[in-house]
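J.: Please assemble the complex out of the two chains, which come individually in their own frames, going by the hints.
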Amino acid sequence: MEPLNALVSVSNFMLIPALAYGSQLALGALGITLIFSILRFAHFAHGDTMALGTAAVIGGTLFLQARGASIDPLPTALLAIPFGILIMAAYMLVTDRLVYRYYRRVKAKPMIFVMASLGVMFVTNGVTRLFMGTGETRFEDGQRFIFTVREFREFTGLAEGLALRSSQAITIIVALIAMGVLFWFLNRTRAGKSMRAYSDNEDLALLSGINPERVVTITWVITAILLVLAGTLYGLDKGFRPFNYFQLLLPMFAAAILGGLGSPLGAIVGAYVVAFAELGITFAWRRVLSYLAPEGMEPSSMMQLLPVDYKFAVTFAILVIVLLFRPTGIFKGKVI
Amino acid sequence: MKKILLASTALAFSAGMAFADVKMGVLLGFTGPIESITPHMADGAEMAFREISESGLFLGGQTITPVRADSTCVDSSAAQAAAERMISSDGVVAIMGADCSGVTMAVLQNVAMSAGVPMISPSATSPAFTTTDSNGLFFRTSPSDARQGAILAGIVMERGFDSVALTYTNNDYGAGFANAFEESFLAAGGTITSKVAHEEARGDYSAEVGQLAAAGGDALVILGYVDGGGSMLRTAYELGAFENFFIGDGMYGDEMISAVGEALEGTIGTIPWAEGEGADRFHAMAEEAGVQGQSSYTRESYDAAALLALAAQAAGEATPEGIAANILNVANAPGEEILPGELARGLEILANGGEVNYVGATNVELVGPGEAAGSYREYVVEGGEYVTVQFH
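Chains as they are written, first to last, in the working numbering: chain A, 37 to 372; chain B, 347 to 738.
With the rest of the complex left out, here is chain B (with noise of 0.2 Å):
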């Protein structure tokens, strides 16, 4: 009896292996300042799991089952719970996260690197990381905003305004990206007649519209989300304390224009894009799959999550250990390179010993831990939809 009760434990045992999968999590605020956006970019993510689960490659033959969590974006504590609960209950092995510069910090020095797990961030822009020393367990895929401050205050002043109000959410997202417009902007000799943090979910923006219009300038340059950053931006416009807006990327999407309407027109932003084989591709792509590949950030997702799958199969492993150590030999080259749709060849590639070079949807080129380097769109808003003006 006790033997049979032995042996089908361990039939059962081996048969939970065979079938063993791979968790990873996706942690992003699906509540929150940019709950708008990161479905989208969930979807991206997960788009590129299934593409590695169903190739049959994947460590011979295992499966990706994403985890999801909300990091709320602005909430420190809650995503630290929600980033914890995914490594102790559901045993990720690497998180594809977080989104917000901020909770990504967080959830980075005191959940991550205590357990050694690797995260890839599609969206924490921050200049903070480039400096962060992660113990080699951070990446991200999106370009630092050290570089789109330095962008977006070439554009303002080519487009002729040497003196503008500067506006930001305050976070360390809205922090590092005004910093770093404003050395950029100060060093071209531009003026900044006025800096002001504003907070996200207020009813009423007036107070901090009146504090910028009482400072003066020809534009208002906001870098923010489209909850608070939105609100100022039609504020400004209603009390006609400003014509002209230059927004930053965490403005960009189409809750934006649904958002503030007639107010948003002929506003100029930046977004980090891609352009290329890669991006059209995944585009084709997630068309085919129903997921809104247009959207912010969705590309970087994508190639987050292909990275870390890409990672695990050439450690020849799933552990945090394997993941964390290969990122930067499949991201960059030499190699094979390898573009959205093609993982199943990059898997093959891996198992058989060779070497990849992701390209993947946004041209992912990593310089080393916590930065990567990247293009930005240049968009004006024209008769309600965003126009491509140039890419830096």
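This is chain A alone, in the form it adopts within the complex (with noise of 0.2 Å):
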């Protein structure tokens, strides 16, 4: 029994969280190396596109659950999302429009975007803010739990306990989807081809025929869809909060970046390191290798890598050392 206990420790204090925050990340990754690779800069807006996305979603949740809608057990956000990707296309589609579309036409360097889409993320940060103010927003609602540590106890008469949280299993299933989806898209249609055609060489693409304006304004929609998912799901897991948004910028380039920019498949697999990183160098070991290690032998100290403090830490250290040593990341993308 003491291996399963073991397993059953870690999996609750660690992969179950890891797995649910990597799925966060890789949908808000995926947004970042598809803007990268067909638009050619860096997105600075991300995180706090995806707060506006998900206060979009609230705004319909609540429109939903004042008219008595309701998908019990399953959150009512979810309801809405269709709502916030609709109202975030139109956002990203308009500030293409004001902002992007001309530094295109005049051939800007991509710094120059870097430094646009920096000017677009505060204008949505100071949005966000102005419908939902700085404090935390609570929006899930349903059954909160597949089953709850008590239950688990009960079930299997382990030592050890492990919870499942709705808003966790609808995470990763929601995001496995949405993967491949987007996988299928970019793969087998004819507007995903030309994206990838695009994405590989503009010059060949245009020649073939291929509408630029039509590429760049499928590529935003797409990037919505990611980002409202992935804002939604982080939200309903861990509550709504811009400033909290806003910081996800980090590890979310830190996951495209190590996967290889312009990789969707990198910025999955980057994504899920980058949380499985965080969260298992910051996690104390002890109890679970006390669980393994045989007897007379059970550490005595916490076995913890770094104070959980240091969670940005190690992201910020994943980004240097990649860009140091292997800038192209995991699958080969380009180079910043």
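Heads up, none of these hints are tricks.
The calculated lysine to aspartate or glutamate pairs, modelled on EDC-like cross-linking and capped at a C-alpha distance of 20 Å, are:
#, chain 1, residue 1, chain 2, residue 2
1, A, Lys229, A, Glu249
2, B, Lys541, A, Asp345
3, A, Lys145, A, Glu249
4, A, Lys347, B, Glu546
5, A, Lys347, B, Glu545
6, B, Lys369, B, Asp389
7, A, Lys370, A, Asp236
8, A, Lys347, B, Asp550
9, B, Lys369, B, Glu667
10, B, Lys369, B, Glu430
11, B, Lys541, B, Asp508
12, B, Lys369, B, Glu400
Read the hints as simulated data drawn from the structure, not as lab findings.
T.: In structure tokens form, the structure reads like this:
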């Protein structure tokens, strides 16, 4: 039973939270990688656009709740996601028309695009706070747990417990579906193929009759879908607070760069690596190891590599190491 | 022409004097981790100021205008800027505040002490204020966490938990409180398996809870605020890391019950509290005025504001020096005892050269600058309500 207890304990405190967190990061990092490969700039407004998208979903959720609509035991927010996507697609297309299209026309350097997106970030940031304030908003409803620690203990008779929250399970399932659909779209549909062609070689794509504005529009819409999904899932899991979304920018970029910028598969792998590294390196392994260690050899220290406060330092370290030693990332992406 | 101008200016000036009112600062964290309790605290303080103004006895009929500003509870530079603005542009003569220990210390040392403006904090409970030399400018109406730490440690021990994990919010309040608790708890023969600081406003606390869980312990002691501390408690409960929780004064409030829900059931905590005639009168007055008197630190805020006004009356002038020099005189014996609602009587006695001993809503007794005596209420959460166990 001892190894089983160790597994349950590490799942409860590390594996399941990391899996959910990694899925949320993956959806965000996919958007960053798409924008980088098609529009060719690092989209700094990603975190705050995600917050605005979640705010739209929260607005939709409140409206639906007021109307009495519910899909219990699932959270109502899932019903409001299409509404959020609609709003965010419109918001991103308008931003593109107002800001980025001009720089595309004058063929500005990527760095200018990045600075423009920084401006968009600040504006979006302000718009979100205007509607939502700076505090925390919880919009999770429906059934909170699939099974609780107590139910698990009673059922299995193990000393250690395991809880699975609905939001975690929904996150993982929705993220997997979204990733699958995205790959199908990129590899099987005409629009997806034109996107990949445009990303590969802009001039050749133009010569073969691909409309660049159409590709750009599709990219923004797909990004909006990914953003709203990622933001809503993160908010369901951890509560909505605008500043936390801004802070997601670093791990999402770290994930995209680690996986190889421009590579969708890389973004997903990178996201899970970042999530597991963040949580695994700051995890106190004492309890888990004391189940595995032979009698009398139980560790007396916390067996923790870094204190919990250094979570973001782990991400930074990953970013720096990748940029130093393998700037193309795991899957040979582009170099910033 | 020139004469008329001069005369009218003089007239306007003197008219201004007649209506002159005294400005007093109310510096509280209207945004930030304790934003749910600060509006009630400000209401409590302003209730006292209103009572003074309406009596018509304050310094020959002057009134007090409260000036609110945001201390943010966590951002020292924002709090200092707010305090500076209060003093230099609004011209306040004294400050009722600030609230959280960290920003209060920053405002005291960097603004109030250089400007010579006295402060009475209703809720800065860090033990550090007891030993800080404020040139006689800093007072507080709530007792130090050094005592609360000892009392809470006693309660935990008494209930049979001699091995606990400890987490505190990462600031002056949390660290001071945690050290006080740790010292008393270890002295009483208990063990602290792990002591982990947590930050406010994080999305996810499972890593912090994981660390505490790895260390083990029969109960978790959380010394923080509703925001971070509440999330820690819920996460620890949901992950099955701990079953029994003890909390400090910063987490008391209705918001805590609605935010944390069933996980809070059975949790035991402490909060500075007063019982007796003063407290009862205050609650009755608050109810009449539409103020939530039962919220945390409303009583202390009322008392802090009343003390500032009485001290100005005792000095015979509303100046920072006069107020600072007289706070201890009006707060402690000897003198006529003054309860909430009797501020007019206190003003009258002082105007006639008598002495008062302000008792107020919390049985105020100041132990020199920077320290107050006081009592604590031990409560347990039962059925979504705070139920009093006993007073310490």
